[in-house]
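One line per chain: the protein sequences are A and B, in this order. Counting with the working numbering, you get residues 1 to 102 for the letters of the first sequence. Counting with the working numbering, you get residues 103 to 417 for the letters of the second sequence.
To be clear, the hints were calculated from the coordinates, so they are not data collected in a lab. All of these numbers come straight from a predicted model, not from anything done at the bench. Quick reminder that beta carbons are idealized off the backbone N, C-alpha and C, glycines included. Do not rely on the hints blindly, as some may be mistaken.
[Unchecked claim] Under the rule of at most 27 Å between Cα atoms (straight-line distance), these lysine-lysine pairs were calculated in the DSSO-like manner:
#: 1; chain 1: B; residue 1: K177; chain 2: B; residue 2: K200
#: 2; chain 1: B; residue 1: K288; chain 2: B; residue 2: K186
#: 3; chain 1: A; residue 1: K32; chain 2: B; residue 2: K274
#: 4; chain 1: B; residue 1: K286; chain 2: A; residue 2: K32
#: 5; chain 1: B; residue 1: K288; chain 2: A; residue 2: K39
#: 6; chain 1: A; residue 1: K32; chain 2: B; residue 2: K265
#: 7; chain 1: B; residue 1: K268; chain 2: A; residue 2: K89
#: 8; chain 1: B; residue 1: K265; chain 2: A; residue 2: K39
#: 9; chain 1: B; residue 1: K178; chain 2: B; residue 2: K152
#: 10; chain 1: B; residue 1: K288; chain 2: A; residue 2: K32
#: 11; chain 1: B; residue 1: K181; chain 2: B; residue 2: K200
#: 12; chain 1: B; residue 1: K286; chain 2: A; residue 2: K39
#: 13; chain 1: B; residue 1: K353; chain 2: B; residue 2: K326
#: 14; chain 1: B; residue 1: K274; chain 2: A; residue 2: K39
#: 15; chain 1: A; residue 1: K89; chain 2: B; residue 2: K265
#: 16; chain 1: A; residue 1: K39; chain 2: B; residue 2: K268
#: 17; chain 1: A; residue 1: K32; chain 2: B; residue 2: K268
#: 18; chain 1: B; residue 1: K326; chain 2: B; residue 2: K112
[Claimed, not checked] Simulated coverage check for chain B against chain A, where a stretch passes if three residues somewhere in it have a Cβ under 8 Å from a Cβ of chain A:
#: 19; region: 208-222
#: 20; region: 262-270
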Amino acid sequence: MNRQVFWEKLKSTLHNTWEFIVLFHHGTFVDKRMAVVRKEAFDINDNLMLLLFGDYLGVPNPMSYYMLELLPYVANDLEPWERRIQNRKFLIAEKAAQYDFD
Amino acid sequence: MRRFTFFGGKGGTGKTSCAAAYALSLASKGTRTLVVSTDPAHSLADAFGKPIGFETALLRENLWGLEIDAEVEAKKYMKVIQEKVLDLVSAAIVEEIKRQIEIAYMSPGAEEAAIFDKFVELMESAGTTYDSIVFDTAPTGHTLRLLTLPEILETWIEHLIEKRRKAMHLMKMAARYDSVLADKIKEDPIIETLSARKEKFALARRYLTDSALSGFFFVLNAEKLPILETARAVELLGKHGVHVGGMVINKVIPPEAGAFFEKRRSAQEGYLADINSRFSSFVRVELPLLDSDIQGVEQLEMMVPLLGALDASGE
Ligand SMILES: Nc1ncnc2c1ncn2[C@@H]1O[C@H](COP(=O)(O)OP(=O)(O)O)[C@@H](O)[C@H]1O
Ligand SMILES: [Mg+2]
Numbered sequence: 001m002n003r004q005v006f007w008e009k010l011k012s013t014l015h016n017t018w019e020f021i022v023l024f025h026h027g028t029f030v031d032k033r034m035a036v037v038r039k040e041a042f043d044i045n046d047n048l049m050l051l052l053f054g055d056y057l058g059v060p061n062p063m064s065y066y067m068l069e070l071l072p073y074v075a076n077d078l079e080p081w082e083r084r085i086q087n088r089k090f091l092i093a094e095k096a097a098q099y100d101f102d
Numbered sequence: 103m104r105r106f107t108f109f110g111g112k113g114g115t116g117k118t119s120c121a122a123a124y125a126l127s128l129a130s131k132g133t134r135t136l137v138v139s140t141d142p143a144h145s146l147a148d149a150f151g152k153p154i155g156f157e158t159a160l161l162r163e164n165l166w167g168l169e170i171d172a173e174v175e176a177k178k179y180m181k182v183i184q185e186k187v188l189d190l191v192s193a194a195i196v197e198e199i200k201r202q203i204e205i206a207y208m209s210p211g212a213e214e215a216a217i218f219d220k221f222v223e224l225m226e227s228a229g230t231t232y233d234s235i236v237f238d239t240a241p242t243g244h245t246l247r248l249l250t251l252p253e254i255l256e257t258w259i260e261h262l263i264e265k266r267r268k269a270m271h272l273m274k275m276a277a278r279y280d281s282v283l284a285d286k287i288k289e290d291p292i293i294e295t296l297s298a299r300k301e302k303f304a305l306a307r308r309y310l311t312d313s314a315l316s317g318f319f320f321v322l323n324a325e326k327l328p329i330l331e332t333a334r335a336v337e338l339l340g341k342h343g344v345h346v347g348g349m350v351i352n353k354v355i356p357p358e359a360g361a362f363f364e365k366r367r368s369a370q371e372g373y374l375a376d377i378n379s380r381f382s383s384f385v386r387v388e389l390p391l392l393d394s395d396i397q398g399v400e401q402l403e404m405m406v407p408l409l410g411a412l413d414a415s416g417e
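Start from the sequences and build out the full structure, keeping to the hints where you can.
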């Protein structure tokens, strides 16, 4: 293999690797960032649901009559949401236990 | 011309009688008038001596009556929602959803909310179907809540919309790399529904706080407690920007009542003086105590000329 060919080959390998690294990092970076954004969006939404339908979980809501008109659009989400909120309650209770609040 | 006239005050002071008589006076002048009771314990039909229900009833030329029935209104509302829900929801949770609707229907605020919705709907019909609406309201506490509800709920709903916007904004960011999500959030019926609701509250508030359109009249008797209650209510309405048109001091014992009433009458003089000094900036009308209850159109009409002074304000 002469020098020329070797360098060309190396260059192209490096180039590909570089591209691969860039792609890889970009990919994970965007995915990770987007996962965070997504999670925040869903968390805000879960909190919103608590304001809208808290009475289903025993949190009184003076507006529950008006919130009914949102029901058609969130009905399918209600059950998974309730589960997430229950989990969250559980997590908070667990954390609180660690800190030993008295 | 004033489009919305409210008669409010303690129970038994004469709200219904005044609202009925005032509505009669408007109608006889050719104003298409609707008189509406927002008091769950209706007595408008008794005052007119004619049946009135949750659907508008013609009482005489240019005059219609209505007694808001919270239960009927709530049922209508539930029915529309139920139909929509059943269209959009997976079969597995239909029963669960029906139960949730049932719960909200029984919730403490439901009656008030149902009355409020009908109230706004009627206000919207003024200016087209009717020229003027006269409200015979429930005792003070209930009515103050009804009138201040829009301001409080508007703020609350703005907060909900804000939260949803924020969530949607973040979801849109995330959706740039996620076409499934992007499709899901293209339009948001939740923001649309909340905004429509907010608009309703805003509209009610615009009507209620426009002194050219709305006027609130307190009906009170010359006694200690009604005076104190009225003073507090005037202050609260002022805070919420609802225009107080004036006071009707009802059941004033006339001098010709005789010796038997003399003691009461002199106590009343003191309260009348108190009313005149406390509420000097408002129009005040005094109505005499009659020798019998006020029932039926003929008797109501006797009060009409006395209420004429109420038109002097709010125009
Ligand atoms: N000026 C008056 N003289 C005699 N009776 C009156 C007078 N005003 C009202 N009434 C009677 O007092 C009762 C209560 O009046 P109403 O208008 O129903 O009060 P409210 O609606 O404030 O509860 C009714 O029986 C009514 O006929
Ligand atoms: Mg009444």
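Worksheet item: Hint numbers the structure violates, sorted upward?
Response: none
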